[in-house]
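Trainee: The residues making up each chain are set out below.
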Amino acid sequence: MRQSQIRLSISTHGQALYEVTQDVARWLAETRIEIGLLTLFCRHTSASLLINENAAPAVQRDLLQWLSASVPEGSQYEHDSEGPDDMPAHIRTMLTGVSINVPVAGGRMELGTWQGIYLVEHRRTPHQREIVAHVLGE
Amino acid sequence: MRQSQIRLSISTHGQALYEVTQDVARWLAETRIEIGLLTLFCRHTSASLLINENAAPAVQRDLLQWLSASVPEGSQYEHDSEGPDDMPAHIRTMLTGVSINVPVAGGRMELGTWQGIYLVEHRRTPHQREIVAHVLGE
Amino acid sequence: MRQSQIRLSISTHGQALYEVTQDVARWLAETRIEIGLLTLFCRHTSASLLINENAAPAVQRDLLQWLSASVPEGSQYEHDSEGPDDMPAHIRTMLTGVSINVPVAGGRMELGTWQGIYLVEHRRTPHQREIVAHVLGE
Chain R
5 MRQSQIRLSI STHGQALYEV TQDVARWLAE TRIEIGLLTL FCRHTSASLL
55 INENAAPAVQ RDLLQWLSAS VPEGSQYEHD SEGPDDMPAH IRTMLTGVSI
105 NVPVAGGRME LGTWQGIYLV EHRRTPHQRE IVAHVLGE
Chain Y
5 MRQSQIRLSI STHGQALYEV TQDVARWLAE TRIEIGLLTL FCRHTSASLL
55 INENAAPAVQ RDLLQWLSAS VPEGSQYEHD SEGPDDMPAH IRTMLTGVSI
105 NVPVAGGRME LGTWQGIYLV EHRRTPHQRE IVAHVLGE
Chain U
5 MRQSQIRLSI STHGQALYEV TQDVARWLAE TRIEIGLLTL FCRHTSASLL
55 INENAAPAVQ RDLLQWLSAS VPEGSQYEHD SEGPDDMPAH IRTMLTGVSI
105 NVPVAGGRME LGTWQGIYLV EHRRTPHQRE IVAHVLGE
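Protein chains in written order, with our numbering: chain R, 5 to 142; chain Y, 5 to 142; chain U, 5 to 142.
Note that these hints are calculated values from the structure, not bench results. Take the hints with a grain of salt, since some may be wrong.
[Unchecked claim] Short derived list, chain R residues pointing at chain Y, Cβ under 10 angstroms: (1) L12; (2) T100; (3) S103; (4) E134.
[Said to hold, decoys possible] Footprint (simulated), chain R over chain U, 3 or more residues, beta carbon under 8 angstroms: (5) 39-48; (6) 64-77; (7) 89-102.
[Unchecked claim] Partial chain Y-side listing against chain R, Cβ under 7 angstroms, derived: (8) M5; (9) S8; (10) I14; (11) W31; (12) T35; (13) I37; (14) T49; (15) L54; (16) S79; (17) Y81; (18) E82; (19) H83; (20) H94; (21) I95; (22) R112.
C-beta atoms are modelled at their ideal positions from N, C-alpha and C, and glycine is treated no differently.
Next up, chain R with everything else stripped away, as it sits in the complex (with noise of 0.2 angstroms):
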């Protein structure tokens, strides 16, 4: 059994969803772990995860939209030091989660056939991403 880990930098410009799949599976390739269980991890307060839909743009569309009206920007909230969409960012990652895991199999991720892994920025200004991604297996 062995393990490797790795850093993968996202430059983000606004609320959007970032497609990581192909920098992941090709990071894992490099590995040449076959079996095992793979693990990826954002280090931030105001961008999380997401493993969803990743055939159609409108669905990405249409989860930010869910996620900026239930949780809007607005006055209601006691922390506002960074500016309007700081407080919402931390809330919508609260919900979308830092951390998630995906089986490996014949050296791959188990990965659905419409399921894409995505960085999502909930800051409205450019950003620099990291998540650390690791795998243990043979």
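Given the coordinates of chain R, assemble chains Y and U onto it according to the supplied hints.
Mentor: Just chains Y and U, lined up with the frame of chain R:
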């Protein structure tokens, strides 16, 4: 240290919680892993995994009712190619997630007294769903 | 490769976020695992785990306020055997989750600068809560 992996198949017939605790426990017992980490992964974007109360059936109805009221069907979605329950299913999957971990000790999952593991089906029509179970330990 | 596991016990006194970052970090240091995967699992259905901002206390109040407003107490629930905060606690646990992972490097959790780990208590009365911590690595 060793690992084991299996795909569990679940037939669903409408929006409901389908308990898989016993299926997972049975497979885990067969692996004879005493201490380790169990991971479950749902290979879909309109069905998810949930650990919640397994005693009172009313809890399950209330959980689904909240999802239904907070992520309603309607004409507000851009993506509706598979019908009115399509996009809400993706959003409800986002909120509940597709991967969970349970530590293993004494050959059993370390679940609390009231915890059960569920596949949550978010679509109205029957589906065949796949969960990948993976365990690492010794 | 080796693993270690422990149960952490947390006394709660009402709906709040209880930070466990330092408790977990101390235990991790004792295991002397340098590189690996840390998993935390909450053994309850009305308390959950969360990684979020640990600098401004107002963030914690706003997170709880959103949960309180979006999953309100009230007469709309079928399940209310333990009082008005019973069913909202199960729903808030569903939304925030009971298992999280953090990769380990250099003997430390790979948390970002602003990330803290919290047990979220969703019940009003005092409870004794258990978190299982598990680490795999070397």
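Trainee: Hints first: check each against the structure and report whether it holds.
Mentor: To see whether the hints hold, each was checked on the structure:
1. L12: Nearest chain Y Cβ about 18 angstroms off; hint violated.
2. T100: Since the shortest Cβ distance to chain Y is 6 angstroms, the answer is holds.
3. S103: Holds: closest Cβ of chain Y sits about 8 angstroms from R:S103, inside 10 angstroms.
4. E134: Violated, about 20 angstroms.
5. 39-48: holds (count 3)
6. 64-77: Three-residue rule met by the segment 64-77 of chain U, so holds; n is 6.
7. 89-102: Held - the segment 89-102 of chain U has 3 residues with a Cβ nearer than 8 angstroms to chain R, which meets the minimum of three.
8. M5: At about 5 angstroms, which falls below the 7 angstroms cut-off, the nearest Cβ of chain R leaves the hint on Y:M5 intact, so it holds.
9. S8: violated, 9 angstroms
10. I14: violated, 13 angstroms
11. W31: Result: violated, 14 angstroms to nearest chain R Cβ.
12. T35: violated, 13 angstroms
13. I37: It is violated, given that the least Cβ distance between Y:I37 and chain R is near 13 angstroms, above 7 angstroms.
14. T49: holds, 4 angstroms
15. L54: violated, 13 angstroms
16. S79: Result: violated, 12 angstroms to nearest chain R Cβ.
17. Y81: Since chain R brings a Cβ to about 5 angstroms from Y:Y81, closer than 7 angstroms, the hint holds.
18. E82: holds, 4 angstroms
19. H83: Holds. Min distance 4 angstroms.
20. H94: Holds, about 6 angstroms.
21. I95: Holds. Min distance 5 angstroms.
22. R112: With a closest approach of 19 angstroms, the Y:R112 hint is violated.
Violated hints, in rising order: 1, 4, 9, 10, 11, 12, 13, 15, 16 and 22; the structure is consistent with all others.
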